[in-house]
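J.: Please build the complex by placing chain B with the ligands on the supplied structure of chain A, with the hints as guidance.
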Amino acid sequence: MPLLWLFLLVLAIALAAFVLARSRVLAMSGQDRRTLHSLPNYYGSNAAMKSAIPALLVLVVWLIAQPFYVNSVVSDAIPDSAIADTSSRSLLLAEVRRAADGIDLAVSAGAMTEAEARDPDADVETMTATLTEAGAIVTSQITQSVLSAAQQFRVLNDTGYRIMTIAVLLIAAAGAFWGIKETRPDFRARNVVEQGIRVLLIAAASIAILTTLGIVLSLVFNTVEFFRLYPASDFFFGTNWAPSFSGRGGASDLGILPLLWGTFYISIVALVVAVPVGLFSAIYLSEYASPKVRAFAKPMLEVLAGIPTIVYGLFALLTVGPLLVSVFGDEGLGWMQAGTAVMTAGLVMGIMLIPFVSSLSDDIINAVPQAMRDGSYGLGATQSETIRQVVLPAALPGIVGAILLAASRAIGETMIVVLGAGAAARLSLNPFDAMTTVTAKIVSQLTGDSDFASPEALVAFALGMTLFVITLGLNVFALYIVRKYREQYE
Amino acid sequence: MYDTSHHRQETAVTDVKIKAKDVQVYYGDNHAIKDVSVEIENNTVTAFIGPSGCGKSTFLRCLNRMNDTIDICRVEGDILIDGNDIYDKRVDPVQLRAKVGMVFQKPNPFPKSIYDNIAYGPRIHGMARNKAELDEIVERALRRGAIWDEVKDRLNAPGTGLSGGQQQRLCIARAVATEPEVLLMDEPCSALDPIATAQVEELIDELRQNYAVVIVTHSMQQAARVSQKTAFFHLGNLVEYDDTSKIFTNPEDSRTESYITGRIG
Ligand SMILES: Nc1ncnc2c1ncn2[C@@H]1O[C@H](COP(=O)(O)OP(=O)(O)OP(=O)(O)O)[C@@H](O)[C@H]1O
Ligand SMILES: [Mg+2]
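If you read the sequences in order, they're chains A and B. In terms of the working numbering, the first sequence opens at residue 291 and continues consecutively. In terms of the working numbering, the second sequence opens at residue 4 and continues consecutively.
So here's chain A without its partners, still in its complex pose (with noise of 0.2 Å):
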């Protein structure tokens, strides 16, 4: 039976134990329904929840745990000595499945019976030839062991659906069974919904939560990899990227320190665009600006922070690098070889980031009370000088935490530094040479056809994980100094 099928039965199990229950506690309270606890609806949901919620958690279990199951009873049923020496378990693995999902397909396009599918005798040749007739796509030829492999793998799926199935009904009737029979006019159906609720509220955030975990989990697991691959002291102190990309040929360089140097560089160029501008303007726009200007300037601003990464990307490459390269290029002062540069991707970014700065402290700005503004005015001072004076003061711990915010996603960018600032790792000072950063080797290194076991691809994760790192420490901190700011006022 497929998958849909199953979960809308049980769900259609369910509305039954609703109206079931529902009728049946209306039917006991005969006609003053102030004897009941709880509202009809309630012992309703309450049968409804005890049919669904058991029957589609044992789904889902189930369907996640199947897959571990059959592959590891299939895979211990193979032989060492039918794995040929290019090719591990694993791979071998991926070809049964491949050659099962293939006689499903086979079965299911009528090109031979289920009975011929299952023969335990049936000849490799002959399956084959079927199988490539049925389009079903299979490697050039399937080995004996693989074939007996394929079938006990589809026998175990169909079986463990089908008692999966049952079992899944059987616990949805059992539910509504149990939900209907407790229905009785005292039972606190509202309560139990009350913690059905909650236990829902529970599992969204816990989902939430061990998202994040398995992210960091796989980070960190893929990185102890690599330092098992690679001495950690060489990448976190290394002064040399160097990859060799052939896998096997000779040792690559795998130093963070260039494109850390990379990162924080084109991060401060951005920071020393976005700060002041993106500060003036949410100072013009919250202090000066009258209602109109405002309600017509700050979408504006706003719109900027809506483009996508990739279109400044190609501003970057296009426009900027060109112009760049103009002036100081080698027609010009002659310090730039070339578009693509520290400050290209830079200024970009800086442009990227000027609402977001601007915004956040727009609106710290305006959480100063005006009580504040009025001391200052009260005392015979201009509007410069109480901005600089009293409001800027005030609003600094927030604005330095929109500005540390800021710069956390000046490091995580990744497609300005692709097209913008090029692709070397260099550790240079000139602000006009092509370097690049941790995001942009991530892509690289990802990207490439190495092996992705190998250090050259691990790396990946070691980074990632430094920027995590990096980024989170940030942001806490920056948290931490927003929050304690809002502390002050309230």
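Treat the hints as calculated values from the structure; they're not laboratory data. Mixed in with the good hints, there may be bad ones.
Unchecked claim - Facing chain A, according to a computed beta carbon distance under 10 Å, are these residues of chain B, among others: (1) 97; (2) 174; (3) 180.
These figures come from a predicted structure and were not determined experimentally. Even glycine gets a Cβ: it sits at the ideal position worked out from N, Cα and C.
T.: The following block gives chain B with the ligands in isolation, referenced to the frame of chain A:
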């Protein structure tokens, strides 16, 4: 019924400091002050009394153009200080406010140190030539604000860390530090205990020697104790304006009488 402090009135050398004529104030469509004309005398404490929402703060804020900071607020009519129209285009509201100091209804110390709070005005107006002079100004202001003894050991602590009453006295000291000619005080004692209130009232009486003081208060006793002139506002109108002793003993308008005897408000 009230002690009207007659002894404080004999020093009054009455010349008009502020003259308001037919003042109207609108907040958008809300007509908050209607046709108010009043003459506030120099070296006098003038009390504004009246039920909540009757426009006392609004009128007070007209006298140093603080209403300019409220977008929807519109002021009509003439207000003259020393004979000069303060709503004239040539008048710089910033300079006006240095001359007409204000203490707000809610204490609003800056999130700076106590010292910097007081030194703020004197620094802006260049009142001190050096650190020693500034120190002197700060100390004198804090003493006049009746808070010196409490804060003299922690001048570098933030002003926002003081108690509500201390903050209010800090704000009074801050306003006094710029040596204004007129001091507007909007319920300066609403957060103060009786001792601090007595100190502030003493300060007000002392300030009267040099300045014109206008004080908004909800306390009839306080109005009677510190003021020589009293203005009673009701629903945006100036109902009665006269010597304090007259208002509290023999009011002309029945609304005034009802209010001070506690029947409306
Ligand atoms: N910033 C403002 N915007 C709009 N309306 C305002 C504003 N400030 C005051 N008002 C209105 O003006 C009227 C007078 O207010 P005001 O603050 O002057 O009263 P008040 O006499 O000081 O009262 P209280 O004794 O409670 O301080 C009220 O109706 C109030 O709603
Ligand atoms: Mg008021």
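J.: Which hint numbers doesn't this structure obey?
T.: none
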